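**Q** Sequence:
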Amino acid sequence: MNKRSSFSGKLGFVLAAAGSAVGLGNIWRFPYLAAQYGGGTFLLVYLVIAVTFGFSLMIAEVAIGRKTGLSAIGAFKSLDSRFGFLGILSAAVPIIILPYYSVIGGWVIKYFAVFATGGGSASAADDYFTGFVGSTFEPLGWFLLFLGATAVIVLLGVEKGIEKVSKFAMPILVLLAVIISVYCLTLDGAMDGLAYYVQPHMEDFSVKTVLSAMGQLFYSMSLAMGIMVTYGSYMRKDTNLESSVRQIEIFDTVIAFLAGLMIIPAVFVFSGGDPKMLQSGPSLMFVILPKVFDTMPMGSLIGAAFFLLVIFAALTSSISLMETIVSIFRDKFHWSRKGACIFVTVLSLVMGIPSSLGFGPLGFITWANMTILDIMDFVSNSVLMPIVAFFTCIFVGFFIGPKAVSDEVKASHGKFVGEKLFTVMIKWVTPVFLILILGSSVANSMGWFKL
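In short: position in the sequence shown from 1, add 1, done, that's this note's numbering.
These aren't lab readings, by the way, just hints derived from the structure by calculation. If you're wondering where the values come from, they're calculated on a predicted model, not measured in any experiment. Watch out, some of these pointers could steer you wrong.
Said to hold, decoys possible - Taking CB as the label site, the calculated pair distances span: (1) D275 / A444: 23 to 33 angstroms; (2) V443 / H414: 34 to 44 angstroms; (3) I173 / P276: 29 to 39 angstroms.
Claimed, not checked - Calculated cross-link-like contacts (lysine-lysine; reagent style DSS-like; alpha-carbon spacing at most 27 angstroms): (4) K238 / K11; (5) K161 / K238; (6) K428 / K78; (7) K333 / K238.
Glycine included, each C-beta is placed from N, C-alpha and C at the ideal position.
Construct all of the structure, not just a fragment, from the sequences and the given hints.
**A** Structure representation (structure tokens):
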């Protein structure tokens, strides 16, 4: 049996888990949703949901991991054999996500290289992005580079690889986010964008505001992917679990807010105040923002800094995805870290190639107007993740009982300040909202209505 890896302490755990939570969703989805659904009202709703809904799910997953000392595929089954299926579903999520996430990570490296070498103006052309992703070999090359970098870090292990990279990358990520945000706010007309971002717009508030905020937090905080269970299994027993989760929430929320400060004022300046220019997903990052940077003073420098920030955000998330899969195979088959890492890298490569080619040679393969990459995203994010989170709530609330989690939280410092909130949320409130998220996510992805 392989000796269980562990983080060196609280700081290592918090930065690694926060690195997992801070990903592409914070940068290309949060600003769009905030601008679309009420500005300051959305921010307030998101904050309330983070300290209730997000807190409860993350506490549950981290506690289950630390209590069992196992990755998701073994953790649930060890506590109740009837829930072995939940471990399998949890394991499926990162296995599906990592390949296509690495494809997008490759795109980010490509754009960083373009801006760093002074080619930012070329990337602002209308057909630049579609021409790049529609080709065959170049996107595959960048995909391989990103996946390879992820594999090398995971191969080095928890403390020497993941923790060390997180301690280096996360402070730089925050520093870059602050610098770019401050710079964007100095642009002429940026204050109008700032006002649009932070002022409440009650006329835009609706049920969709709440559901979209919950959906964003759900994806943003790396919940229902087996990641927090795995990272929890690496957490030392003397680490304060509750305060660690609070700090991860704060870190994730601050980066999401800074993403809005970076993007919304700058897009407003570029578009003359047209909020329709704020789009979600790749079109914002790879089509709109290069045009914005091209109009800025020092645009190439700011663009390079921005895409470097995104590389760190994407890489820390992909590391957590790969580590979760590696941990699953090591626990299941008792493989060495090296063997499991090589297997997962090859598996991700094989699974990622169709997503990379889905905008070019395999572009004819679609379903409900979704490309191969979009289909993978739909299955993992819109279907599997809400289902995993729902059954996690049922598992904790009605089978092992909230007390099992509470006792694990109290194991280090003897108290659990949010215990009553956690019990109510995990048993009664969160499962109901997860059903709503599942329905709205599927409806949104299928185009029945848009969030």
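**Q** Output the indices of the hints that this structure fails to meet, ascending.
**A** Of the numbered hints given earlier, the structure breaks none, since each of them holds.
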